[in-house]
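**Q** The chain contents come next:
Protein chains: 2
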Amino acid sequence: MADELTYYAPERLREFSQRTFEHFGVPSADAKLASEVLAMSDMRGIESHGVARLHTYFDMLTLGRINPKANVKIIREKPATATVDGDNGLGLVVGPKANEICMDKAEKSGSAVVSVSNTNHYGIAAYYSIKALERDLIGWSMTNTTKLVAPLWGAERMLGTNPIAIAFPAGEEPPVVIDLATSATAYGKIEIAKRKNAEIPHGWAIDKHGNMATRPEQMVEGGALLPLGSTREMGGHKGFGLASMVDILCCVLSGANWGPYAPPFALRQEIPARSVGKGIGHCFGVMRIDGFIEPAEFKRQMDDWIRTFRATKPAPGTPGVVIPGDPERLAEIERAKTGIPLLQAVINDLKDISTKTGIPFE
Amino acid sequence: MADELTYYAPERLREFSQRTFEHFGVPSADAKLASEVLAMSDMRGIESHGVARLHTYFDMLTLGRINPKANVKIIREKPATATVDGDNGLGLVVGPKANEICMDKAEKSGSAVVSVSNTNHYGIAAYYSIKALERDLIGWSMTNTTKLVAPLWGAERMLGTNPIAIAFPAGEEPPVVIDLATSATAYGKIEIAKRKNAEIPHGWAIDKHGNMATRPEQMVEGGALLPLGSTREMGGHKGFGLASMVDILCCVLSGANWGPYAPPFALRQEIPARSVGKGIGHCFGVMRIDGFIEPAEFKRQMDDWIRTFRATKPAPGTPGVVIPGDPERLAEIERAKTGIPLLQAVINDLKDISTKTGIPFE
Chain H
1 MADELTYYAP ERLREFSQRT FEHFGVPSAD AKLASEVLAM SDMRGIESHG
51 VARLHTYFDM LTLGRINPKA NVKIIREKPA TATVDGDNGL GLVVGPKANE
101 ICMDKAEKSG SAVVSVSNTN HYGIAAYYSI KALERDLIGW SMTNTTKLVA
151 PLWGAERMLG TNPIAIAFPA GEEPPVVIDL ATSATAYGKI EIAKRKNAEI
201 PHGWAIDKHG NMATRPEQMV EGGALLPLGS TREMGGHKGF GLASMVDILC
251 CVLSGANWGP YAPPFALRQE IPARSVGKGI GHCFGVMRID GFIEPAEFKR
301 QMDDWIRTFR ATKPAPGTPG VVIPGDPERL AEIERAKTGI PLLQAVINDL
351 KDISTKTGIP FE
Chain P
1 MADELTYYAP ERLREFSQRT FEHFGVPSAD AKLASEVLAM SDMRGIESHG
51 VARLHTYFDM LTLGRINPKA NVKIIREKPA TATVDGDNGL GLVVGPKANE
101 ICMDKAEKSG SAVVSVSNTN HYGIAAYYSI KALERDLIGW SMTNTTKLVA
151 PLWGAERMLG TNPIAIAFPA GEEPPVVIDL ATSATAYGKI EIAKRKNAEI
201 PHGWAIDKHG NMATRPEQMV EGGALLPLGS TREMGGHKGF GLASMVDILC
251 CVLSGANWGP YAPPFALRQE IPARSVGKGI GHCFGVMRID GFIEPAEFKR
301 QMDDWIRTFR ATKPAPGTPG VVIPGDPERL AEIERAKTGI PLLQAVINDL
351 KDISTKTGIP FE
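Protein sequence lines correspond, in order, to chains H and P.
Residue 60 in our numbering is what sits at position 60 of the first sequence, and the numbering runs on without skipping anything.
Residue 138 in our numbering is what sits at position 138 of the second sequence, and the numbering runs on without skipping anything.
Keep in mind the hints are simulated off the structure, nothing from the lab.
Where hints are given, some of them may not hold.
As the list claims (entries may be wrong) - For the chain H half of the interface with chain P, some residues (derived, Cβ under 8 Å), not all of them:
(1) Gly110
(2) Ala184
(3) His209
(4) Gln218
(5) Ser244
(6) Gly259
(7) Pro263
(8) Val276
(9) Arg288
Glycine residues also receive a C-beta, built at the ideal position from the N, C-alpha and C atoms.
Work out the full structure: start from the sequences and follow the hints.
**A** Shown next as structure tokens:
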């Protein structure tokens, strides 16, 4: 069965990722960091961004499109800002390092913003907000990605799915972890519909002419995803506005490739017509809670906030209100017991890496 | 005709607003500031937030629910943060003053975040981002508002329409000004449908039981608006996540009333069951462009960004991609010539203020 799942110990997958990165000369500490970003994604049930992507990183490193020994450096700064040049390194290494710089600055000044150029895909946006939580900070994280999304009323791919994440610590309750792509849906859902030969809902995507797509192939073959809100009537201009905000903060501010010029992440994706900067871009923002309010009071109120929203009267036929971050937290608890479920296609990819590198997998 | 429009000189309306605020003892400089926020809204074609709201401010001031002589003060700060207590003043005065504090701090540190409690409705979110543009800064602005929106899978009003604005300066092109409510639609659109006795689109609102509303009355009578994205399939959890982010940054961080406990803005709205803080909350963030990149380079890239997106292949049957801020900028040009169009109902409200205060209007 194509959809059958095999369970793997998280630490075993993390170590395989680390060794794969090391194979290309990524320094051990960096390779470990990168593997941790992928591992968190798998643990939180965001399989699309975990080891399922390792083969793409493998391809990019094999082709020399990513610099394994990147020298991540600050190229401009003020007390509460910095621009970081990622030296075309793994986003999984550049992102965590730039986020650290932002947290260090925020600890000194109370808040800080760090924009990053010359980087590559950085994994799940929530990783960075969760790292801020570990230091009792509020952190937001954004990145641009390869073009997939049309602006409202546009008929071509111009923006990535440009996610926004932010997390807030609570006291007795688990933290609120918000992580959302600014597109109406994920490309992965189009792929699932294609595999099942199913129609897609009105509002997810357009075909190559700019008309609403009803079949997944229409999007895949030169069409585009729609921004969050989908149509003008339902607020598609808002999703476009949010994606634009992410694009400008991550790329125009840092000197990275914005909009349709973001370089491709996978081999099958086309190379953009021109380059307007270096690599893709991220943007991080961090705030000290005690720069605003007593942290104990903040957390007490967050507990109250979470309990109040959890107690919202549920809409008929639904499970009721879900606090942002709850599904991923529950997945984490589950996977700590069961291990990480992988599809056969992903296992085949990992075995292929094993064959090519000699790193044992099985 | 109920929908007939009469045109008024912008300066005349602004002055009438200023004198109305002064009537209640608001100091002249503050009254002028407040009137400018309303005037910008009318000029930009956001009639719902301009003088059309003056009677509500009038009501709140008459009842002593807003402090006309508010002493806006910083109650906690670090170099790049502050919490501002608005002393229950007009949001139209507290907001601009807190935004100034944020801009001053960002000019020193490179970036800053200011959260505001004990305030009231602050007009259009874009006003604050536009003020930052005037100082060549990038500024974002958020506020919570009285509850109107259900979380995804909830059956009751728990959040406001919680807008987010941010603006980016360009060189030769006009700035990109993004300003969006995190709900699928505006309450004003429900009111228009009600007046026209029309149905509302699937995804705008639910009825009081939590089922999708098809008639505007179903939302008005105890129902709720839906968050941006509307349904789970179309990303309604994302709109809920964004509205939650705004709620927490504006209120939990500052000590204001969050979620369903935001105090009402209009007399007809119910008083919340309990109070969890002071007034409503805003949050501002400001960044120096030269904290990241040469401003001339940023603006050159923004011109390129704007021209590239404006040249997107248009979807059939649409006017093509609209750059955020363009519709409001065009309204501003138009209204500078024609004056501000007001509905008879708004004119009647202003005349009522005139009768009750003795301030001439006509």
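**Q** Run every hint past the structure and note whether it holds.
**A** Results of checking the hints against the structure:
no., hint, result
1, Gly110, "holds (3 Å)"
2, Ala184, "holds (5 Å)"
3, His209, "holds (6 Å)"
4, Gln218, "violated (13 Å)"
5, Ser244, "holds (6 Å)"
6, Gly259, "holds (6 Å)"
7, Pro263, "violated (16 Å)"
8, Val276, "holds (7 Å)"
9, Arg288, "holds (7 Å)"
Checked against the numbered hints above, the structure violates hints 4 and 7; every other hint is satisfied.
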